[in-house]
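Colleague: The residues making up each chain are set out below.
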Amino acid sequence: MQSVIQVNQLSKTYPSGFQALQNVQLEIRRGEIFALLGPNGAGKTTLISIICGIVNPGTGSVLVDGLDIVKQYRQARQRIGLVPQELSVSIFETVWDTVSFSRGLFGKPADPAYLQQLLKDLSLWDKKDSKIMALSGGMKRRVLIAKALAHQPQILFLDEPTAGVDVELRRDMWQMIRRLRDSGVTIILTTHYIEEAEDMADRIGVIRAGKLVLVDDKSSLMQKLGKKQLLLQLVEPLPEIPPALAAYQLQLSADNRQLIYTYDAQQEQATITTLLRQLNGLGVEFSDLNTQESSLEDIFIGLIGDAA
Amino acid sequence: MNFYAIKAIYLFELARTWRTLMQSIASPVLSTSLYFIVFGSAIGSRMVAIDGISYGAFIVPGLIMLTVLTESTSNASFGIYMPKFSGTIYEILSAPISAIEIILGYVGAAASKAILLGLIILLTARFFVDFSIEHPLWMLAFLVLTAISFSLFGFIIGVLANSFEQLQIVPLMVITPLTFLGGSFYSISMLPPLWQQITLFNPVVYLISGFRWSFYGVADVNVGLSLAMILLFMALCIGVICWIFHTGYKVKV
Numbered sequence: 001m002q003s004v005i006q007v008n009q010l011s012k013t014y015p016s017g018f019q020a021l022q023n024v025q026l027e028i029r030r031g032e033i034f035a036l037l038g039p040n041g042a043g044k045t046t047l048i049s050i051i052c053g054i055v056n057p058g059t060g061s062v063l064v065d066g067l068d069i070v071k072q073y074r075q076a077r078q079r080i081g082l083v084p085q086e087l088s089v090s091i092f093e094t095v096w097d098t099v100s101f102s103r104g105l106f107g108k109p110a111d112p113a114y115l116q117q118l119l120k121d122l123s124l125w126d127k128k129d130s131k132i133m134a135l136s137g138g139m140k141r142r143v144l145i146a147k148a149l150a151h152q153p154q155i156l157f158l159d160e161p162t163a164g165v166d167v168e169l170r171r172d173m174w175q176m177i178r179r180l181r182d183s184g185v186t187i188i189l190t191t192h193y194i195e196e197a198e199d200m201a202d203r204i205g206v207i208r209a210g211k212l213v214l215v216d217d218k219s220s221l222m223q224k225l226g227k228k229q230l231l232l233q234l235v236e237p238l239p240e241i242p243p244a245l246a247a248y249q250l251q252l253s254a255d256n257r258q259l260i261y262t263y264d265a266q267q268e269q270a271t272i273t274t275l276l277r278q279l280n281g282l283g284v285e286f287s288d289l290n291t292q293e294s295s296l297e298d299i300f301i302g303l304i305g306d307a308a
Numbered sequence: 001m002n003f004y005a006i007k008a009i010y011l012f013e014l015a016r017t018w019r020t021l022m023q024s025i026a027s028p029v030l031s032t033s034l035y036f037i038v039f040g041s042a043i044g045s046r047m048v049a050i051d052g053i054s055y056g057a058f059i060v061p062g063l064i065m066l067t068v069l070t071e072s073t074s075n076a077s078f079g080i081y082m083p084k085f086s087g088t089i090y091e092i093l094s095a096p097i098s099a100i101e102i103i104l105g106y107v108g109a110a111a112s113k114a115i116l117l118g119l120i121i122l123l124t125a126r127f128f129v130d131f132s133i134e135h136p137l138w139m140l141a142f143l144v145l146t147a148i149s150f151s152l153f154g155f156i157i158g159v160l161a162n163s164f165e166q167l168q169i170v171p172l173m174v175i176t177p178l179t180f181l182g183g184s185f186y187s188i189s190m191l192p193p194l195w196q197q198i199t200l201f202n203p204v205v206y207l208i209s210g211f212r213w214s215f216y217g218v219a220d221v222n223v224g225l226s227l228a229m230i231l232l233f234m235a236l237c238i239g240v241i242c243w244i245f246h247t248g249y250k251v252k253v
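Line order of the protein sequences matches chains A and B.
Per our numbering: the first sequence = residues 1 to 308.
Per our numbering: the second sequence = residues 1 to 253.
Hints are computed from structural coordinates only; laboratory data are not their basis.
Note that this is a predicted model, so its numbers are computed, not measured.
There may be inaccurate statements among the hints.
Computed Cβ-Cβ distance ranges for the label pairs, DEER-style [unchecked claim]:
#1 247/A with 87/B: 55 to 65 Å
#2 243/B with 29/A: 32 to 42 Å
#3 19/B with 126/A: 21 to 31 Å
#4 51/B with 112/A: 50 to 60 Å
#5 231/B with 214/A: 52 to 62 Å
#6 39/A with 85/B: 24 to 34 Å
#7 18/A with 190/B: 53 to 63 Å
Computed list of lysine-lysine pairs in DSS-like fashion (alpha-carbon distance at most 30 Å, straight line) [to be verified]:
#8 250/B with 108/A
#9 211/A with 250/B
#10 128/A with 84/B
#11 250/B with 127/A
#12 108/A with 7/B
#13 71/A with 250/B
#14 84/B with 127/A
#15 128/A with 7/B
#16 252/B with 71/A
#17 71/A with 84/B
#18 84/B with 108/A
#19 71/A with 7/B
#20 250/B with 140/A
#21 140/A with 7/B
#22 108/A with 252/B
#23 84/B with 131/A
Ideal Cβ positions, reconstructed from N, Cα and C, are used throughout, including at glycine.
For reference, chain B alone in the conformation it holds in the complex (with noise of 0.2 Å):
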């Protein structure tokens, strides 16, 4: 293991957030709160309770969940870009690292930075509206899990992108729109029953309902289910990249 390698990666990549500190941490935790100004505080006191929880506290995970998913998959698909785009990435087909070393610094900084900026959304969203975390531990567990999950799919969409547009669009019109119809902002269950099952296709779904049950105990599936569908999409991500490392897919001729 070209442990220095991996190190170097990692510690270039969280360079480049320190860079963008503005764009890469103040912009989603701007966002954030802007959300639960609006949903959380405004609109949310006059909503009826969800399950017993406030609405304002209802919509935590969800906010979370929307900023780790969109960061994490841009974030690394950014990381993983930006060298093909500039022409740097020779030095890295040049050196003594193996896909998984490469694999770990990229994945590993924007995985990290992916939970960084959901601790601090969490800790913003308590500004303004009062929650509990029942099962901190779990909570952890999804929080990193999904990092890591979307950050491999990142790591994807960067090596198959041919242009910054490419690069955003799945973030912007698949993540975003998944992540809004996953239960956000919503209950699966208030939902009419046709919709209810539809939107059992939505994977961010069960990310979302897992996560929630970590704070709040109650869920709209199955904890294990989720659980095994955010493995279910990390083996997924896995097994692209280890095929795309082996043909050399768009990375080398």
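Bound-form chain A, shown alone (with noise of 0.2 Å):
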């Protein structure tokens, strides 16, 4: 697949001195999800905004689809749109005027036939001559996606978008988010909620105290570092872990009733065949059995961890 934004060697040290980048290598291809994880101050806010020009950059470059964004702004930020993290909007405005602001601010002559369309997909046409501070939070975070789209990028910024955002909204604006991957638009998002990244997310990239930890596909990253758990309900309570399973490192719970024998996804299955005959030969019975995979808020707690 295509890169369509190419960041090379990014540094960024603020003027108070905070390095919020270090050497950040990265690139997105074109029509994918994008997810961006980190905790708090890792960075994530400070790439976004350098990529679309709120920042300056420090060292290193930024190329979208080719276009250096400091030498060929112009071009570069035609083609991407930013939703911000938070609610910046011009509360006197109606949703049309900003909406309408916006496109011509990036540089496209008036369409109100597209305007339409994308305020009815985000059910905000009934709300256009409303002014935007008499909207719901949730619905001044669609005006803020309108606002985005209203130049038609090709490149789509969301910055925790679904922070504070209830349910009902969450699910509307992932459903929007697949609609325009499926158009062809790139998405890069960062987020909090680990699991709609694990929902949504073609890649995801972990970046921790301004580097990037890791960048990887979900379902490889999900397999070279998931472990899963194989649970099984005794119908006895065992005292102790039989001195003949020592070689699993079995754990067994706290009320006794339960073993949980932890393995890595990617090894071959045969050694479960071999516990299980063994518990068998020694009279371990069980009533239930089940498996479950980690999550990948658990491999995300796990790298912040590891170096915490």
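Reconstruct the complex from the two isolated chains, following the hints.
Modeller: Laid out in structure tokens, this is it:
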């Protein structure tokens, strides 16, 4: 796949001396949904802000569609839409005016038909003549998305789009993001809701203390780092783990009624068979068995925790 | 040139004027009318003519200047300060526009509004006093140049200000006193000799003098000097704005 954004050795130190980014190397593929995960202050917003032109880059370079964001900022920025984290929108204006303003600002001639469709897609059409201050927080968030899409960008940045948004709107929003992706828009989002990144993203980057710790396909990331657990519900409580099973590093639950075997998802499954056979030989009976996979959240916490 | 962006900013700023019609147009018109009633008609009728011009007519150019200076400064400063304050500046910064286009939008709108107000006050004045305009084209030129220069000046204040208080302080504490002391209500020649010298350091003296010349053909200082001073002030403001955008000072880190 072609890369649509190329971040090369990007570093940024703020005048306060705080180094927000260190040698970030990142490639965003055309048409993908890329999720940027990281704790607060990790540099997510700084990275997005530099690509969008709000913060000056330190050293390094960023190419958008092959265009340098500093030297060819006009062409580069025309391709980008940004939904900021804060609900920053001029509250005295009407929805229609503010969306038209955004389109003009990005150098596009008026296109009422497109804006009408956009507002309808975001369930904002019946609010088009409302002043923004009269809208709820969730509606303001939709307005910000409409503004970001008003100039028909090829790349959409969403900085924490679902922060403080109710369940219904969040679902709507993800549906809309999928639709956009299907129409060919590349989407880069940051989120704290890891399960959503797990749900939505094609690839995931983890950023911590200004460094991009890892970038990978979501599925291979989960495979690589994911662990599986086999849970055995015992018929009779087991006072202790039989010494013969020491090699499996089993855990016994507090009530002595559950045996937990943690294994690597990529490892061949033969060990499970031998474990079960051995249990059978030792006369340990179980009433139920299930397996569970570690979620992206576990992986994420594992990664962030490792460094802490 | 991103003309759509200039137009978008320009219209956004003018829309702000219509939204706040009372504050932006009615209130300056009202306060100027009060000046005309008090100084023009009431007190003016007891005053002797200055340079052969009735007192009421004499203060017309100065009063227009007073409004144009304060309005262009405060409008332009407010226009660019608001997005900084509310956070909506992110959109301006991320848009494919150059510094020149941003300035054309904001300063253009502030200057247009100040010019419009100046003309409204000129018409209002006609209800109270009788005057003629000897050099209408020069009058317009002075009006436009002053409005643009002080809108540029206001833009700088808006970029540098950190609070609403700082935003208000320059129009209130600098522009208004300089205008009052710059010959809005008197001719420089009426001052004691020492003050005549000191007052020449007040840049507003040149603006009012030149503007009054376009009305009545009489001036405190040479008209060419007036014009040169406006252009110099404008060049200074453009220089500072170029520096701000070049360094990103207070706009972008």
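Colleague: Taking the hints in turn, state whether each one holds.
Modeller: Hints, one by one, checked against the model:
1. Taking 55 to 65 Å as the suggested C-beta distance range, the pair residue 247/A and residue 87/B conforms, at roughly 59 Å.
2. Restraint check, residue 243/B to residue 29/A: a C-beta distance of roughly 40 Å satisfies the suggested window 32 to 42 Å.
3. Checked against the given bound of 21 to 31 Å, the beta carbons of residue 19/B and residue 126/A, roughly 22 Å apart, stay inside it.
4. At roughly 57 Å, the beta carbons of residue 51/B and residue 112/A sit within the given window of 50 to 60 Å.
5. A hinted range of 52 to 62 Å for the beta carbons of residue 231/B and residue 214/A is consistent with their spacing of about 59 Å.
6. For the pair residue 39/A and residue 85/B, the supplied restraint of 24 to 34 Å holds, since their beta-carbon distance comes to about 29 Å.
7. Taken as a hint, the range 53 to 63 Å holds for the pair residue 18/A and residue 190/B, whose Cβ atoms sit roughly 59 Å apart.
8. Of the supplied pair hints, the one linking residue 250/B and residue 108/A holds, its CA atoms being roughly 29 Å apart against a limit of 30 Å.
9. Under the criterion of a C-alpha separation no larger than 30 Å, the hint pairing residue 211/A with residue 250/B is consistent with the structure, at around 27 Å.
10. As the CA atoms of residue 128/A and residue 84/B are separated by approximately 25 Å, the hinted pair is consistent with the 30 Å bound.
11. A hinted pair counts as satisfied when its Cα atoms are at most 30 Å apart, and residue 250/B with residue 127/A does not qualify at roughly 36 Å.
12. Proposed proximity of residue 108/A and residue 7/B is supported: the alpha carbons are some 11 Å apart, at most 30 Å.
13. Among the hinted pairs, residue 71/A with residue 250/B is consistent with the structure: their alpha-carbon atoms are about 22 Å apart, no more than 30 Å.
14. Taken as a hint, the residue 84/B and residue 127/A pair is honoured in the structure, with Cα atoms around 26 Å apart against an allowance of 30 Å.
15. Straight-line distance between C-alpha atoms of residue 128/A and residue 7/B comes to about 21 Å, which keeps the hinted pair within the 30 Å bound.
16. Under the criterion of a C-alpha separation no larger than 30 Å, the hint pairing residue 252/B with residue 71/A is consistent with the structure, at around 17 Å.
17. Pair hint residue 71/A plus residue 84/B holds up; C-alpha atoms about 25 Å apart against a cutoff of 30 Å.
18. Between residue 84/B and residue 108/A, the direct Cα distance comes to roughly 24 Å. Compliance with the 30 Å bound is thereby established for this hinted pair.
19. Distance hint between residue 71/A and residue 7/B is fulfilled; the C-alpha atoms sit about 24 Å from each other, no more than 30 Å.
20. A hinted pair counts as satisfied when its Cα atoms are at most 30 Å apart, and residue 250/B with residue 140/A qualifies at roughly 27 Å.
21. Taken as a hint, the residue 140/A and residue 7/B pair is honoured in the structure, with Cα atoms around 24 Å apart against an allowance of 30 Å.
22. A threshold of 30 Å between alpha carbons decides the hint, and for residue 108/A with residue 252/B the separation of about 25 Å falls inside it, so the pair holds.
23. Straight-line distance between C-alpha atoms of residue 84/B and residue 131/A comes to about 20 Å, which keeps the hinted pair within the 30 Å bound.
In terms of the numbered hints stated before, the structure departs from hint 11 and from no other.
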